[in-house]
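Chains as they are written, first to last, in my numbering: chain P, 1 to 410; chain A, 411 to 805.
Hints in this document: simulated from the structure, not taken from any laboratory.
Every value quoted in this text rests on a predicted model; they were computed, and no experiment measured them.
It is possible that some hints are incorrect.
Stated by the list, open to error - Far from chain P by the CB rule (all over 12 angstroms, computed), these chain A residues:
1. 490
2. 579
3. 606
Unchecked claim - Derived DEER-like restraints, expressed as beta-carbon distance ranges:
4. P:233 x A:463: 36 to 44 angstroms
5. P:143 x A:600: 41 to 49 angstroms
6. A:554 x P:162: 48 to 56 angstroms
7. P:409 x A:645: 51 to 59 angstroms
Virtual Cβ for every residue (Gly too), placed ideally from N, Cα, C.
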Amino acid sequence: MSIFGEVPQAAPVAVFKLTADFREDQNPSKVNLGVGAYRTDEGQPWVLPVVRKVEKMIADDHSLNHEYLPILGLPEFRSSSSKIALGEDSPAIKDTRVGAVQCLGGTGALKIGAEFLRRWYNGTDNTKTPVYVSAPTWENHNAVFSNAGFEDIRPYKYWDAGKRGLDLEGFLGDLESAPDHSIFVLHACAHNPTGTDPTQDQWKQIADVMKQKSLFAFFDSAYQGFASGNLDKDAWAVRYFVSQGFELFCAQSFSKNFGLYNERVGNLTVVAKDQDNLNRVLSQMEKIVRITWSNPPSQGARLVAITLNTPELFAEWKDNVKTMADRVLLMRAQLKEKLKALGTPGTWEHITEQIGMFSFTGLNPKQVEYLVKEKHIYLMASGRINMCGLTTKNIDYVAESINEAVTTVQ
Amino acid sequence: CYLYDEVSSLAPVNDLMHGHCCSLYNNILQQKNEYVGEHGHTTWLPPVRKIKQQISTDPTLTPKYPHILGIPEFTRRATQLALGKDSPAIVESRVFGIQTVGCTGAVRLGAELLRSFVAHVFISLSFLEDSLAGTFKAAGIEDVQYYRYWDAESNGVCVENMVLDLENAPEQCVVVLFAPGHRPTGAELSQEDWKRVAEVMKRQLFAFFLMSAQGLCSGSLEQDAWPVRHCVSLGLELLCAQSFSHNFGLYGERVGHLLCVLKQNLLAVQSQAEKLVQTLWSCPPMEGARVVATVLSNPAHLADCVKAIAERCMLIRERLRERLRLLGGPWQWDHIIKPGGLYCCFGLNTQQVDYLVQKKHIYLLPNGCLNVSAINSRNLDYVAESIHQALSSKL
Chain P
1 MSIFGEVPQA
11 APVAVFKLTA
21 DFREDQNPSK
31 VNLGVGAYRT
41 DEGQPWVLPV
51 VRKVEKMIAD
61 DHSLNHEYLP
71 ILGLPEFRSS
81 SSKIALGEDS
91 PAIKDTRVGA
101 VQCLGGTGAL
111 KIGAEFLRRW
121 YNGTDNTKTP
131 VYVSAPTWEN
141 HNAVFSNAGF
151 EDIRPYKYWD
161 AGKRGLDLEG
171 FLGDLESAPD
181 HSIFVLHACA
191 HNPTGTDPTQ
201 DQWKQIADVM
211 KQKSLFAFFD
221 SAYQGFASGN
231 LDKDAWAVRY
241 FVSQGFELFC
251 AQSFSKNFGL
261 YNERVGNLTV
271 VAKDQDNLNR
281 VLSQMEKIVR
291 ITWSNPPSQG
301 ARLVAITLNT
311 PELFAEWKDN
321 VKTMADRVLL
331 MRAQLKEKLK
341 ALGTPGTWEH
351 ITEQIGMFSF
361 TGLNPKQVEY
371 LVKEKHIYLM
381 ASGRINMCGL
391 TTKNIDYVAE
401 SINEAVTTVQ
Chain A
411 CYLYDEVSSL
421 APVNDLMHGH
431 CCSLYNNILQ
441 QKNEYVGEHG
451 HTTWLPPVRK
461 IKQQISTDPT
471 LTPKYPHILG
481 IPEFTRRATQ
491 LALGKDSPAI
501 VESRVFGIQT
511 VGCTGAVRLG
521 AELLRSFVAH
531 VFISLSFLED
541 SLAGTFKAAG
551 IEDVQYYRYW
561 DAESNGVCVE
571 NMVLDLENAP
581 EQCVVVLFAP
591 GHRPTGAELS
601 QEDWKRVAEV
611 MKRQLFAFFL
621 MSAQGLCSGS
631 LEQDAWPVRH
641 CVSLGLELLC
651 AQSFSHNFGL
661 YGERVGHLLC
671 VLKQNLLAVQ
681 SQAEKLVQTL
691 WSCPPMEGAR
701 VVATVLSNPA
711 HLADCVKAIA
721 ERCMLIRERL
731 RERLRLLGGP
741 WQWDHIIKPG
751 GLYCCFGLNT
761 QQVDYLVQKK
771 HIYLLPNGCL
781 NVSAINSRNL
791 DYVAESIHQA
801 LSSKL
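Next comes chain A alone, as it looks inside the complex:
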């Protein structure tokens, strides 16, 4: 049994943006980017409804324009969540945070902040969706290049290729790095791999982390943030775009955070960030950030919830692997359980993906990747059998 909020009624799915859409029912698997529970819907973390009710009846909360950079409580706690309370960067006052409109808003703002200093952006090759590249271009960083990431041979990350590509990166380059939870592959680097990457980054490359699901991959908030914290401990400057959509279920509220870790000149950069925010959205929306700030005042709460989500995802992965193994065939399935979190890549080719969509009504994420949370006890067998068929049929 899960810790989640009561089941909300089936909402019509009408958004083409997040993968493909169709009604969610037996024998049809709809793939979106959001985490969905066993009942097939997104839900809030348990404390969220109560807090929202409190907010709606709180007479001391008054309507006025918030600070341009967002609610101070929120940015402070989001910063601590990412870096750890005792982070040297926080202690040395080399960090500031900006509340943004979701992760996209954080990426857009970060890119705008960087555009005077960088001429190129490096994104992982497997990220087929072009909106990330589009965001950087819109901000004025026109040259988008790709580093190799997902390796079909090993069904994981080939860190040698990645490091080689980074070593050959042009100067004045910002590199988008994925803290655990790479979308859509779910593929992760080990801590040893990250150490290698961080060494290369020291060579005048600027790290821009996307941390969209802290806690949901390993089940531990600290472990998922390790890559960011490691780079900070090496003294690197970096930006980190955080999303609270997945780990709070607050998709619609657009709660994001841009973390800025600098070596110097904090106030000046902060003042420039304020100017940029004004040309984008003036100041950020309050509701979601208020909820997050309240929950984070007692981080143990969040820790329990994300652990539960991560464990459910891991359980689904294991059961899927077991089913596939039992269905036979020459294929290896260990890579399904290696990474944690929402996403998983099967490396299916185009014909196989088409087969699943057209014949089996299973709509996948780009690259033949899967959002494992959409698999539940009702459709597990069907999904496993369909994948098995896709691989074994002569297509």
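Chain P extracted, bound-state conformation:
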């Protein structure tokens, strides 16, 4: 008799199932607008030219040692990554109250942050501290925090389906009514899945309430540079909070902006009141890392560190990032134009108002089903599409199909 005899089959992860279905589809016009990874206009993954260059440098470098990295990760990676998030001239960095932990992608950074907060925030081992995630949010947020031990994970109002934009009133209302010291997971830019970010003014209002109620800001930053094409612009919200004196965490991912999806390159930036507090926090995080993965993988972190710390490579990287961001902006503009030209009912301004990889189209589940089943266009049931899945070759087909879906399916 197996001890695993009663284990139930877990439901497949929706976004990966979508890609699996897409792969099996034999239809020649099929389009994958599902999983969040960048694709070129030829529909191919893209190794950033600067990444290729640095990879070769690393492989040919005979002076690199092959030892375990320190538990907290490669030092030059951690410091340069935090600089990217907070700015070269960040006063917090100058005050030596910023530290970081190299983690396994953005997920790993969220994990370590969550495990730390559960153990040491708002008391000791307080699993009842409410954790708020946006409605909707990246589907894994919930699981990461719940697996870290938090018992009370709640949604905060975010997306207004009616007006296809941010429900600021609802958001602020949930902030006001949250118990003091609750944890809020905030998307630094290019909100996943809605693509809708607060304006600078709206961020200020959000920060005000959070300060009054001592709410904890845990930023998830997976798209810095990728959203607007400008690193500083995409980091505005995080930097504003820091300037307002918040102690906060920022989980950074270099999967998208470096195209290093499979090397798992992430960084948990920690901003504390002073160096003494910072050091104690990092010492506890070290213990948590030790029993999770011991120490992080070197390849991706080396690559990012070399790039960020070498001026010509840094410039080349920013250029590569802009290339990706520009292509996305172009696809947004073209999709909107084509939908309008077709006379597709409804408004489509949100396609260009939204930012980053994703667009919340506003299509309802029936319309989505139509697109998947009848037109072999794969998108999430929520109506989320990955703009990177669009190319100059398939955009007409997609626009026409959306038009069909909206006009024939209610």
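Fit chain A to the supplied structure of chain P, relying on the hints for placement.
For chain A alone, coordinates are given in the frame of chain P:
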């Protein structure tokens, strides 16, 4: 002469985690957990650099999220390496593997997978480092107990004590077993001992093997995996955490594998494992696993390399034993050469360990254990003399 890669320049050692640290030079012996070559540094297996260069210039390798459970080539070959290609479990499709972030990642994931079924975990008593216990606790298996393993009297494993403790283990208990290469003692069980242990395990105890240095202990990949394969042949369900740090020198790349051998319900358990991986690291890093998968496509390569490492370790052990014997005294040294692999236990007491650290600048692993690979022709005499002094001085 050895088969190893060119010497890398002295890297600053700054990691307190793996034992103690100081700069590595004459008359100072720094003890870490990694295998170091004659030149005193960790190295890659010879094929590794070439493969890494190939990977860096391969236009067909594209960036995208890998499968949650890792590269299929890698998990398939890692599974075959552990169980043997013709393992009945593989033939009967009762096995699946998960690429993990090092051995620690494999242990963490395995513990998370088990937490709904087991309430206690049994670890060998000599494993003083508390991170193994900490990993299980973090995964939700709170009750950590210890079984006796290292026996100071016999300078080896006392299997009678171990079997007795296992027989008295509570139900719903996972037992962490060390396939050859126990850290830090290096102490091993014979095949006969393993047969006894396996009989006890059949009694509703769940086996979780740690196989961190397959091939490095006996010099044979198959022989080192024998305990795992024996349990599988008895029809036991088990987990096995494999590390490719030591036998490939890929410490920094975090290449690990969690092997799951079940009786039934494979797909359901696999799906639950996927969910757990997503809350830990989403999907594993590629670079190291790609290298390992490539090398394992021709396992003879690996077999030669680990044999060379094992032989070097055995040679060092023999020379150390010889030196100590020649220095005289009533002590027995046969236990140094009995086990193979990286680690060796002298059973020194706290004062003797302190003496070695403070007075002789020889930093040992916990329990007065030694990583023999750190001994080389330059420091062998000094180490032997120092140990002799530690034992003969009135401390």
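So, going through the hints one by one against the coordinates:
1. 490: holds (22 angstroms)
2. 579: Holds, because the least Cβ-Cβ distance between residue 579 of chain A and chain P comes to about 15 angstroms, which exceeds 12 angstroms.
3. 606: Nearest chain P Cβ is 22 angstroms from residue 606 of chain A, so the label holds.
4. P:233 x A:463: 36 to 44 angstroms: holds (38 angstroms)
5. P:143 x A:600: 41 to 49 angstroms: holds (45 angstroms)
6. A:554 x P:162: 48 to 56 angstroms: holds (54 angstroms)
7. P:409 x A:645: 51 to 59 angstroms: Holds, at about 55 angstroms.
In summary, this structure violates none of the numbered hints.
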